[in-house]
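K.L.:
The chain contents come next:
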Amino acid sequence: MGTLVEEIFSRKAGRQVSAGEIVMLDVDYIMSHDNTTPLAIKAFREIGKPVRFVDKIVIHFDHAYPAPNVQAAENQKKALAFIREQGIKNFFHQGVCHQVMIEEGFVTPGAVIIGGDSHTNTYGALGAFSTGFGSTEIGVAWSTGKAWFKVPATILIRLEGQTRPGIYSKDVMLMVAGMLGMDGGTYKSLEFAGSYIDALPVHARIVFANMSTEVGAKCGLIAPDQKTIDFLTNETKAQGPFELVKAVNPVYEKVITIDVSQIESQVACHPDVDNVKPLSAVAGMAIDQVFIGTCTNGRYEDLEIVASILKGKKVSPYTRTIITPASTVIYQKAMKNGLIDIFIEAGCTVNGVGCGACIGRHGGILAPGEKAFTTMNRNFIGRMGSAEAEIYLGSPAAAAATALEGKIADPRPYLEANHG
Amino acid sequence: MGKAWTFEDNLNTDEIIPARYNITIDPKELAKFVFCEVKPDYPKLVVAGDVVVGGNNFGCGSSREHAPIAIKGSGAKCVIAPSFARIFFRNAINIGLPILECREAADEIKEGDEVDVDLKTGQIYNLTSGKNYQAKPLPDFVLKIAAAGGIVNFLKEHDIEDLV
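For the protein sequence lines, the chains are A and B, in the order given.
Residue numbering for the first sequence follows our numbering, beginning at 36 and increasing consecutively.
Residue numbering for the second sequence follows our numbering, beginning at 12 and increasing consecutively.
Mixed in with the good hints, there may be bad ones.
[Stated by the list, open to error] So these bits of chain B aren't anywhere near chain A, every CB distance computed over 12 Å:
1. Val58
2. Phe99
3. Glu115
4. Lys121
5. Gly123
6. Leu138
[Unchecked claim] Only pairs whose alpha carbons sit at most 20 Å apart, straight line, appear in this in silico EDC-like list of lysine to aspartate or glutamate:
7. A:Lys77 <-> B:Asp37
8. A:Lys77 <-> B:Glu168
9. B:Lys50 <-> A:Glu81
10. A:Lys113 <-> B:Asp37
11. A:Lys181 <-> B:Asp173
12. A:Lys84 <-> B:Glu122
13. B:Lys50 <-> B:Glu122
14. B:Lys39 <-> A:Asp323
15. A:Lys112 <-> B:Asp37
16. B:Lys155 <-> A:Glu81
17. A:Lys47 <-> B:Asp173
18. A:Lys185 <-> B:Asp170
19. B:Lys39 <-> A:Glu109
20. A:Lys185 <-> B:Glu112
21. B:Lys147 <-> A:Glu56
22. A:Lys77 <-> B:Glu40
23. A:Lys113 <-> B:Glu40
24. A:Lys84 <-> B:Glu168
25. A:Lys181 <-> B:Glu122
26. A:Lys181 <-> B:Asp37
27. A:Lys346 <-> A:Glu425
28. A:Lys181 <-> B:Glu168
None of these hints come from the bench; they were simulated from the model.
Bear in mind the structure is a predicted one, so any value in this text is a computation, not a measurement.
Quick reminder that beta carbons are idealized off the backbone N, C-alpha and C, glycines included.
Please construct the entire structure, taking both the sequences and the accompanying hints into account.
P.N.:
Below, the structure written as structure tokens:
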């Protein structure tokens with residue numbers, strides 16, 4: 036009985052739990068990356084107890100990999116020594132941690148996964164409970180296999196209808212973020228449902244779970260369905276059978292219903308994710324850098340949309356256009372299908388996989404006064420380099436159109452009629 | 012007793028400590044850059060015992076523990092705010108940075124006010140205005156972690172099951 040998060044937690048706890056309770060749960064996987072692993076190692080060493088379940092530990096090098104400076108190199112050297120010392124087999128440097136977690140099959144419906152990264156919420160799109168922790172608790176979980184949670188109350192967000200052509204899940208999520216505000220989901224579970232979500236392919240659903248973090252939510256969940264099972268079976272290494280965990284007689288703290296049929300392209304403007312405006316309000320603003328990638332919108336289908344807009348054209352010579360595929364699987368597929376050729380011929384810079392410019396340490400750093408238009412999830416001051424730079428967030432299609440014009444541009448004129 | 016440093020609503024972890032400085036985990040090193048973009052005087056002038064007074068949703072954004080570690084490393088005695096972002100809340104408790112939820116105090120305390128805090132009782136004293144406040148009590152398991160000085164110290168002596 037209960038909301039999706041109550042159902043997931045109740046199964047794990049072996050008893051009925053409900054919002055407000057504190058529960059101690061066995062976690063299925065404990066994820067961390069090159070940025071958060073060093074502090075987790077420090078906490079783990081100080082606790083002084085051995086690793087409880089080595090196969091639950093998953094470590095990715097993605098934030099600044101290969102290392103762009105000596106300090107990052109030293110941190111990675113230390114982390115690698117720990118990985119070897121502990122015999123951690125789940126070690127990856129094949130792209131953004133959240134994408135690789137899904138591809139490698141760690142994410143399944145009903146699983147409980149914690150990660151040393153705020154966008155760990157991402158796996159909720161597949162019906163897993165997942166949330167971000169600080170490094171110390173990652174070290175704690177290595178030695179205990181457990182974590183405490185306050186069972187969150189749930190806000191149900193019903194998205195009804197279908198979007199117009201050229202409008203993507205990113206546009207819908209940005210609108211939701213603008214409505215809720217940066218603290219509108221704090222401590223809550225957000226459940227995304229409705230006819231729009233039902234019809235949406237899994238790669239596009241991921242945007243909602245991923246960006247639930249930006250409104251403060253503990254998790255962003257979508258009930259798994261046949262689309263989820265097909266995705267897990269065909270596009271990941273996850274092993275079935277998969278359980279279709281769902282809410283049973285749920286009591287929601289709040290229900291928000293949104294008709295998505297009239298939504299326009301949206302842009303989250305400098306300097307907050309909830310400073311959301313219709314793209315038309317900022318169209319024409321000159322842009323110095325377009326960055327396409329990340330755990331939000333660096334997937335194959337995103338790159339496909341970008342390629343359909345850039346094919347046979349040239350990006351503005353004064354706008355650096357950087358494309359960073361989220362994972363090696365995506366990169367290879369893009370290469371085989373000619374997308375990388377299209378990007379290079381259009382004048383884009385195609386970077387190696389990983390978080391890239393999103394974290395402001397390599398792969399496209401902004402100078403003071405520069406403006407970036409990106410497919411990221413976050414536009415905080417200083418995130419991509421200079422604190423005097425500005426970051427605007429939008430869909431991959433809007434990013435591609437912006438790259439062509441060198442200023443924020445509506446993607447719809449560039450899209451074929453059959454695109455949706 | 013210390014001086015109050017006040018901050019806006021929705022102060023995010025990049026504003027507490029920009030990602031480019033997270034190349035170290037040394038609290039004193041991190042403290043050199045804490046709040047450097049939103050309040051450049053803070054890292055230069057903060058004195059041990061000063062108090063950080065934030066707005067709503069303090070510490071939103073990344074999961075980086077560098078943010079509370081940098082604040083703790085700067086010598087600040089605690090953070091007072093009307094509400095905290097969830098990962099920052101957990102991180103602060105886990106690393107032993109005291110945090111107090113009190114809307115009235117956060118709204119009324121002004122930059123530079125002399126403030127004293129009794130962490131055990133949650134009493135906040137504004138010596139400049141003469142007004143006192145009571146912060147929201149923390150759950151029992153949080154007090155257990157706080158009493159041990161953080162989760163790492165707690166686990167040296169206890170099993171994690173002892174928390175709840």
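K.L.:
Which constraints among the numbered hints does this structure fail? Numbers only, ascending.
P.N.:
2, 9, 12, 14, 25, 26 and 27
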